[in-house]
Amino acid sequence: MGVGLSLAGVAAVLFTHWMVFFWVPTEATQGIMQRIYYIHVPAAWITELAFGFTALFSCIYLWLEDDRVDAAAVAAAEGGLYFGIVLLIAGPLWGRLAWGTYWTWEPRLTLTLLLWFIFLGYFLVRRSTKNPERGKRFAAVIAIMGAVDIPMIHMSVFWFRSLHPEPVVLRAEGPTADAEFVITLLVALGAYTLVFLGLFLLRYAVELAEREWLRRSARTTEVTT
Amino acid sequence: MRRSLIGLLLLTAIALSLPGQVTAQGSATAGSFRAYVHVLLAFAAGWVLIAAWVFQIGRKVNLLAKRMEEDGASPHH
Chain C
612 MGVGLSLAGV AAVLFTHWMV FFWVPTEATQ GIMQRIYYIH VPAAWITELA FGFTALFSCI
672 YLWLEDDRVD AAAVAAAEGG LYFGIVLLIA GPLWGRLAWG TYWTWEPRLT LTLLLWFIFL
732 GYFLVRRSTK NPERGKRFAA VIAIMGAVDI PMIHMSVFWF RSLHPEPVVL RAEGPTADAE
792 FVITLLVALG AYTLVFLGLF LLRYAVELAE REWLRRSART TEVTT
Chain X
774 MRRSLIGLLL LTAIALSLPG QVTAQGSATA GSFRAYVHVL LAFAAGWVLI AAWVFQIGRK
834 VNLLAKRMEE DGASPHH
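Order-wise, the sequence lines are chains C and X.
Under this note's numbering, the residue at position 58 of the first sequence is numbered 669, and the numbers go up by one with no gaps.
Under this note's numbering, the residue at position 52 of the second sequence is numbered 825, and the numbers go up by one with no gaps.
The hints are simulated quantities; they were obtained by calculation from the structure and are not laboratory data.
Some clues are possibly wrong.
Unchecked claim - Partner residues aside, some chain C positions facing chain X, computed with beta carbon under 8 Å:
(1) Tyr693
(2) Phe694
(3) Val697
(4) Glu821
Claimed, not checked - Have a look at the derived ranges for each label pair, beta carbon to beta carbon:
(5) C:Glu823 <-> X:Leu813: 19 to 29 Å
(6) C:Thr637 <-> X:Arg832: 38 to 48 Å
(7) X:Gln829 <-> C:Trp674: 26 to 36 Å
(8) C:Glu823 <-> X:Arg832: 17 to 27 Å
(9) X:Lys833 <-> C:Ala790: 35 to 45 Å
(10) C:Leu724 <-> X:Leu813: 15 to 25 Å
(11) X:Asp844 <-> C:Phe632: 46 to 56 Å
(12) X:Val821 <-> C:Glu821: 24 to 34 Å
(13) X:Ser805 <-> C:Ile755: 43 to 53 Å
(14) C:Gly801 <-> X:Lys839: 45 to 55 Å
(15) X:Val834 <-> C:Gln641: 39 to 49 Å
Unchecked claim - Where chain X lies over chain C, by a calculated footprint (3+ residues, C-beta under 8 Å):
(16) 637-651
(17) 698-705
Note that the Cβ used here is the ideal one computed from N, Cα and C, for glycine as well.
Next up, chain X with everything else stripped away, as it sits in the complex (with noise of 0.2 Å):
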């Protein structure tokens, strides 16, 4: 998980660098390339919060059916 998240950092930095390099050629496709860039970076990042929400809920049911299994096997009951 972790080299996933250091690796998806990495590629936005290079997202983010690679077109100021670009640009500096002074072309008008370059300026199209990076705001494209821009623009799947922000809806790419929706998806990765929604996706972090479920994941998250995701978690608290296991959590909680794991407790419940382990209360269902306590001698207590």
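Isolated chain C, as found in the complex (with noise of 0.2 Å):
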């Protein structure tokens, strides 16, 4: 099932690419570069969606000690890493064209950044203690405290004085955008959704297998010593 909506997504990203360059109009204020809002906020959703999956694993794993639910867990947090780099990476080069810089220490890119690198503790600290159940316990509780930053990183626009734009889709009066630029987006949330999930699901169950076979090689260890 992964690799069939992984494919799939890819065939949706391509798809999106064609509508980026070829179907939907240039923004009459910010002209080209508009564009990568196209990679821009598919990537900031895949990376809050993940990130957000790794704090409700990492409760039910607090709660019922299963093995299976941490290793969801695991799977969900290396997408939002990679993903929290393709963000970390469209939005400076879109703040290069829009700001006249690309990195600047305001409140909504700060708490991403500070988002992405608690969930980098959150793997390190998995591997910082001796017995790796207590690691699992303390990175699931790094994991639930992060996922604070996500509902604050939405808001920072609202709350603080910002440079970086509100949005123009989620809001309370309906979206600001033209119906082409809102159906690109759409287009492009889908399908790196889609690419996102596949991934996750071939992830995880590679790291089941991975659990799995450690446990069957500790048991024959055992038995052999």
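Dock chain to chain to rebuild the complex, using the hints, since each chain is given by itself in its own frame.
Below you can see the structure in the form of structure tokens.
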């Protein structure tokens, strides 16, 4: 299923590229650079979705102590890190053109970078303890605490004086962008989500297989010693 | 792999520095070229990172298969 979803996602991403470069009109104010939006926003969405999944699976892991749920958390966090890098590359590329600088320590950018480092820490903490079970629990707590950053990233453009543009689609009064922009964005979001879900399922299956092999190896070692 | 990465970084640096010279001429086309380069780099980053994740998953699968093969060949079994 993971392979099927991933391939469907790749096909959808290729279709999105056609929409971005040949169908959607050039935005009047920002011009050509506005097209970065169609990779930057999906990357942000996937990063937050992935880290949200990690936090959710971590809560369930702490509650049920089921190793399969921890495996799902690891798979989701890994995807979040990769898509987070895409977000942190696409954003500055846009910023260089829009603001004249690749980076500025304004609230949304800073909180997003913090989120990425928190989930990098998730992996470092897992490996930092002698007892693997303890490492998993520590990492789960970090994931849950890190997820608090996600709504703060969204609200930062409203709470603080931010350079980053406010949402144009997810607004109480409805989208302010034209239909073609909204449709292209929604297709891009769907396409990259399919890619993430497909690869997440594959990574989850590999993680489960690895843990099963480790368990069997440990049992075999016990029997022979 | 390292050479490809260095090559990619060099290309990126050249692509980002070139428009700085071109825009000095004050041409509207130069601004569009630079914007397109940034857009293409952003989408390329998406592909590179997705490929990197696929590569990492593939590496884990190969490693697991190798370990299982070694276990199968082990005299303990």
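*asked:* Let me make sure I understand: some of the numbered hints might not hold for this structure. Which ones are they, in numerical order?
replied: 5, 14
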